[in-house]
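From first to last, the protein sequence lines are chains A and B.
Position one of the first sequence corresponds to residue 1 (the numbering used here), numbered consecutively onward.
Position one of the second sequence corresponds to residue 1 (the numbering used here), numbered consecutively onward.
Simulated from the structure, these hints should not be mistaken for laboratory data.
Even glycine gets a Cβ: it sits at the ideal position worked out from N, Cα and C.
Keep in mind that the hints are not guaranteed to be accurate.
Which stretches of chain A does chain B cover? Using the computed rule of at least three CB atoms under 8 Å from a CB of chain B, they are [said to hold, decoys possible]:
1. 56-63
2. 199-211
3. 215-226
4. 245-259
In silico EDC-like pairs for lysine to aspartate or glutamate, Cα to Cα no more than 20 Å straight-line [as the list claims (entries may be wrong)]:
5. A/157 with B/565
6. B/235 with B/442
7. B/469 with A/271
Next come the chains, spelled out residue by residue.
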Amino acid sequence: MNKNLIYIFIFLIISGLIGCVQRFIPPVNQSNPNYLVVDGSIVSGQDSTIINLSRTTNVNDSSQYVFNPESGALVSVVGINGDVYPLIEQSPGRYVVDQLNLNQNELYKLQITTASGSQYLSDSIAVLPTPPIDSVSWELQGDGVHIYVNTHDPQNKTRYYRWKTVQTWEYHSSYDALVQFTNGTVEPVDSNDQQFRCWLNVPSTNLILGSSAKLAQDIIYQQPVAFIPLNSQQLSVEYSIVVTQYALSQQAYSFWQLLQQNTEQLGSLFDVQPSEQTGNLHNVANPREPVLGYVSISTPQQQRIFISYYQVLNTWAYPSQLADCPLKIVPLDSLNYYFTSGFVPVYADVDQSTGQLIGYYSAYDYCVRCVEGGGTTAKPPFWP
Amino acid sequence: MKFCWRQYFSFFAFLLVCQVVFAQPEQMITGDFSNLSFDQFIHQLESATRYHFFFDTSQTNNLTVTLKINDKPLRIVLQQLFNKTDFRFAIDEDRNVFITKKIQIQTTLPDGFFDRSFSPDTAVAESNMIPTESAEDIERDKLSASLENRLFEIGQRTSQIKPGRSTIAGYVKDMKSGEPIAGAAVYLENTRAGVVTDQFGYFSLTLPRGRHTIRISSVGMKDTKREVVVYSDGKLNIEMQDFVQSLKAVIVGAEKTSNIRGLQMGVERLNIKMIKQVPVVFGEADVLRTVLTLPGVTSVGEASTGFNVRGGSADQNLILFSDATIYNPSHLFGFFSAFNPDVVKDVELYKSSIPEKYGGRLSSVLDVTAREGNRKKFSGVGGIGPLTSRLTLEGPIVNDKTSFIIGGRTTYSDWILKNIPNDEYHNSRASFYDLNLNINHEFNSKNSIYLTGYLSHDQFRLNSDTTYKYSNKNLNVKWKHIFNNKFYSVFLVGHDQYEYSVSSTLNPVNAFNLAFQIDQTNVRADFTYVPSSNHTIDFGISSLHYSLQPGSFTPVGPRSLVVPDFVQREQALENAAYIGDKFEISPALSVQGGLRYSFYGYLGSHDVYTYAAGLPKSVGTIQDTLSYGPNSIIKTYGGPEYRISARWTLSTNTSLKASYNTLRQYIHLLTNSTSISPTDIWKLSDPNIKPQTGDQYSIGLYQNFKSNTIETSFELYYKNIWHYLDYKSGATLVLNSHIETDVFNTKGKSYGAEFMIKKSTGKLNGWLSYTYSRTLLKQDDPLAGQTINNGDFYPADFDKPHSVNFIGNYRFSHRFSVSLDVVYSTGRPITLPVAVYYLAGSQRVFYSERNQYRVPDYFRTDLSMNIEGNHKVKKFKHSSWTLGVYNLTARKNPYSIYFVEQGGLIQGYKLSIFGTAIPFITYNFRF
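Could you build the full structure based on these sequences and the hints that come with them?
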């Protein structure tokens with residue numbers, strides 16, 4: 001056998017071993033149990049407390065965004081000693097209260113009365129102080145940039161942690177246009193209305209959990225919180241991540257860990273079977289009715305870092321998008337046609353000898369308007 | 001090829017020829033010989049004449065001579081004597097007489113023998129030799145044919161046969177290698193009363209004194225018979241030949257009736273030859289995958305370690321490899337079984353009537369018998385495949401007394417994984433090896449000793465920093481002692497160990513090693529007493545000591561802050577005594593009754609939690625912790641187990657069998673994944689975890705057709721299972737010192753029907769089986785803290801109602817055969833989400849009713865070809881190629897269906913393990 005043949009053979013075997021993963025559309029199931037979902041946590045301190053109330057939807061709605069808000073409910077945080085802090089419904093299903101200052105020695109409950117009159121109550125919740133984040137660090141490895149969080153509790157009391165992140169990065173469109181098409185005419189760009197620099201905000205969608213329960217000291221060392229794949233757009237200009245740290249009780253940690261197992265860690269050869277899970281909220285009249293979600297009270301801690309392209313300059317090569325963005329000259333008589341059908345002018349084409357305007361160099365709108373990539377042109381307040 | 005043989009025979013002929021004969025006066029013989037044995041006759045001739053006789057007594061000792069001779073030359077006397085027989089004689093000039101069977105000895109060289117121009121072709125023609133490829137077989141055929149026609153005298157010869165019964169005993173062995181043949185049927189031709197040889201090939205048969213024909217048949221061996229005259233108790237060793245399939249004349253075993261005659265039901269026996277015919281992925285014969293094609297055996301998926309027998313869970317199978325318990329019978333996540341096919345002799349699976357000798361598991365006993373080394377010559381076998389290589393050496397240490405076999409297997413998948421240009425696999429590692437060593441020694445005809453050693457090791461890392469390792473280590477010594485023909489015993493001392501570890505060192509602060517280990521030491525004595533031909537009594541005692549390290553979690557490296565955590569060591573002793581009798585009431589009706597009493601003690605030192613009565617067991621309801629000292633008895637369980645079966649022969653080709661069994665199991669595998677994962681733990685029964693118990697009723701009809709070449713069977717069964725452990729939602733099973741709070745008892749029932757049609761001889765052979773089976777569990781105990789599916793029966797994870805298996809093998813020639821394997825089964829049950837919702841930044845799914853849906857049905861076809869090299873007997877090395885395609889239709893059989901969050905939305909996926917057709921090729925050799 002020659003060497004190539006061997007490799008082909010091995011490839012065939014391995015492709016078999018690897019197996020294959022295909023999309024699966026679940027069978028049509030009309031039985032939506034319509035359970036109440038309580039999403040959010042109670043914050044004691046500067047930040048607002050946001051509780052989102054919704055109802056489960058049909059399983060056929062998976063893989064598309066369907067939010068079924070529970071409007072018109074009365075939501076409040078109730079202290080064991082009788083103090084009541086109501087939340088206001090800001091938008092359908094979104095209940096908010098600013099700056100709760102809760103007593104660390106008191107227990108609280110979340111109380112929800114739905115528009116239909118059902119009353120839900122959480123178990124008693126203690127206010128868990130969160131130790132500050134020691135550092136958010138990053139490391140460039142062969143496959144990209146790994147971002148870690150480090151923290152510790154000198155009193156060895158916290159033990160269970162959860163983190164949320166929001167990644168923000170600046171990116172640029174392929175062309176910084178000098179002209180723009182407005183109301184049928186091409187005119188120089190308004191300097192307040194730039195289309196070239198955009199910022200994208202991406203909150204974490206996966207659960208990031210960590211525990212030092214098995215360690216001698218309450219130290220979280222190099223807990224991975226985010227990953228930037230090599231040569232991706234995130235680090236094409238500048239990148240920032242804010243990590244918010246929450247202390248959890250052991251029960252809350254178990255709840256989130258099971259949710260993680262059930263919805264994020266499947267697909268291996270030795271999957272744990274998905275299972276039912278119960279949170280810390282109950283229907284007062286019918287304790288057996290599942291209420292989805294787990295509410296904790298904590299004093300979150302935050303830390304933000306920035307990573308610039310210049311710090312990874314030698315390794316990072318965000319591929320140029322210019323190949324997808326050919327420049328095309330649109331003659332003056334066709335401006336309306338092109339500039340209303342996906343083309344955007346970039347700069348004027350002038351006859352070199354006469355100095356006369358011939359037309360406009362133009363490109364697809366996504367090559368010029370960075371907002372087409374999903375970001376916004378408004379510079380975030382924390383951006384340097 | 002042909003040329004070689006001619007040379008060989010010419011050489012052979014040269015050895016036989018003597019000097020040139022010349023004329024000599026003949027001596028005349030006179031005498032009246034009546035009813036003399038051949039020996040006596042020759043003795044008289046030799047004393048009366050100057051002739052010397054040369055012959056093989058084994059060929060002539062059945063001959064009797066009655067002759068009246070009056071002054072005749074010896075030539076005429078012998079012609080008269082051997083008239084119409086196969087015997088030939090030759091007389092040379094030195095008055096040497098050669099008496100041979102069939103072959104004529106030439107006392108002279110052929111004309112022109114020393115002439116250089118003489119062509120070898122004519123020499124062959126004249127010496128009447130057959131230029132055949134399988135001359136060795138023919139030689140052996142002759143030998144066995146002569147054994148078959150010879151009359152064996154058993155016991156002290158008496159002039160008159162005394163009325164009554166005697167017992168003959170002995171070993172059935174392979175003629176070529178001297179290895180014992182287990183499970184061979186030894187029975188009387190006329191009454192069909194018979195016995196089956198034990199694992200050492202030993203049998204004991206009681207029969208009326210006098211003349212009998214004993215028939216011997218075994219799977220894969222050529223049927224043979226022995227003519228005996230039994231005077232008193234005695235010994236009879238029988239050698240059997242490999243069943244070499246002939247192309248022109250298919251030898252039909254007319255007596256393959258053991259499925260009809262046997263008392264046991266629900267037993268499947270596979271010998272390694274059959275196993276090697278079944279196509280498997282990667283081309284290496286695989287014991288467990290072949291077992292999976294039998295009716296009533298299923299698995300949850302292609303990469304699963306375990307198998308499920310008649311609706312039992314994977315931990316309810318007792319897997320024995322030469323009497324050593326194998327806790328993890330697979331390599332490489334279940335892609336290979338842990339048994340090296342070159343070391344395996346045969347496999348027996350007991351599904352319903354489990355012999356009373358075995359206990360400790362609820363569903364089945366898979367008894368894998370290892371080979372004993374070749375007692376006659378040194379030889380080796382091996383194979384080279386795409387992922388594994390294997391080599392086995394065997395041979396005599398002391399000829400016909402002591403032999404050994406040593407086998408090893410290893411994989412080089414690491415090398416392949418490293419070469420894959422995909423990070424996910426590039427960073428993965430997987431490797432395994434296993435080693436077998438068996439030594440046996442026969443001290444004398446009454447005492448033999450057998451040593452079995454087994455070691456397997458697996459190690460893998462799948463694109464992460466976490467390394468998994470597991471290994472089996474087994475060692476046992478058996479001593480077989482024969483008291484007398486009717487009574488023999490086997491004593492065994494053995495130690496079995498299974499351990500695994502998981503370690504991760506990527507993060508120096510969290511670097512850990514998690515380990516688990518089971519050690520079991522067992523001692524047993526098994527006795528068999530055959531008082532008469534219609535009773536076989538088995539009895540014995542056994543003691544099994546378990547010692548478990550249920551989990552240790554320790555730091556690795558100087559920077560690790562991991563606090564060492566040890567779950568308390570567990571100890572228990574499982575003792576059992578059993579007695580059983582096979583009683584043949586009449587040739588048509590036999591019954592077997594067995595009683596096994598097992599007694600289990602959970603031993604200290606250990607702390608045991610007590611829980612508040614009437615409340616679910618949880619950490620919150622722990623009332624007290626009781627501490628027990630070392631070796632104190634904390635809790636005992638025990639009870640009788642009944643094993644009853646009966647066979648009623650309706651005709652020579654048809655029988656009806658029924659059986660009832662009860663079983664107990666004291667050690668449990670706790671898992672919350674569908675297939676057994678390398679980190680599942682075993683748990684001993686303790687005050688909070690009751691032993692599992694079960695019973696099974698079954699009935700079967702067996703019928704053979706076409707001179708017993710086609711066997712059919714139909715079996716029905718119903719099983720009850722009590723205290724089967726299932727896990728609670730979100731259970732923690734690893735490093736949990738109060739595991740009873742995370743599991744609950746379920747009640748199970750399973751029932752089904754199995755149909756099988758099998759043709760084991762001929763050019764076309766194989767089997768087709770259909771199984772209908774259901775396994776349902778129920779958890780309705782409110783004290784468990786939660787009920788599953790509202791306390792209704794729900795399908796177990798391995799409930800697969802319909803399954804069809806076809807294995808077919810067609811032998812085109814001695815060198816070329818093709819095998820086809822077709823598998824169909826209903827998909828296994830899964831839990832699908834009933835709703836979706838948003839929580840913690842992403843869409844999530846809500847699971848409710850357990851196992852209410854199924855993955856799509858499973859269907860697979862495999863094809864393999866076996867190409868043998870030529871069959872030169874004198875060749876140093878024989879080789880064969882096995883090539884084929886696994887999953888020929890490239891169907892993407894789903895292994896699992898799962899829903900995962902991706903970018904904030906839930907996506908459903910279907911994972912297939914062998915989602916394409918996989919070609920394979922393996923080179924096998926033996927020398």
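### Task
Measure nothing beyond the straight line between the CA atoms of residue 235 of chain B and residue 442 of chain B; if it is 20 Å or shorter, mark the hint as holding.
holds, 16 Å
### Task
Check whether three or more residues of the region 245-259 of chain A sit with their beta carbon closer than 8 Å to a beta carbon of chain B.
Satisfied; 4 residues make the cut.
#### Entry: Claimed coverage, the region 199-211 of chain A by chain B - three or more beta carbons nearer than 8 Å
holds (count 5)
### Query
Between residue 469 of chain B and residue 271 of chain A, does the CA-CA distance stay at or below 20 Å?
holds, 18 Å
### Query
Taking a Cβ-to-Cβ distance below 8 Å as contact, does the region 215-226 of chain A have at least three residues touching chain B?
holds (count 6)
### Message
Against the 20 Å threshold, does the CA-CA distance of residue 157 of chain A and residue 565 of chain B hold or violate the hint?
### Response
holds, 19 Å
### Task
Closer than 8 Å, Cβ to Cβ, for at least three residues: run that test on the region 56-63 of chain A against chain B and report holds or violated.
holds (count 7)
Against the hints set out earlier in the document, no violation occurs for any number.
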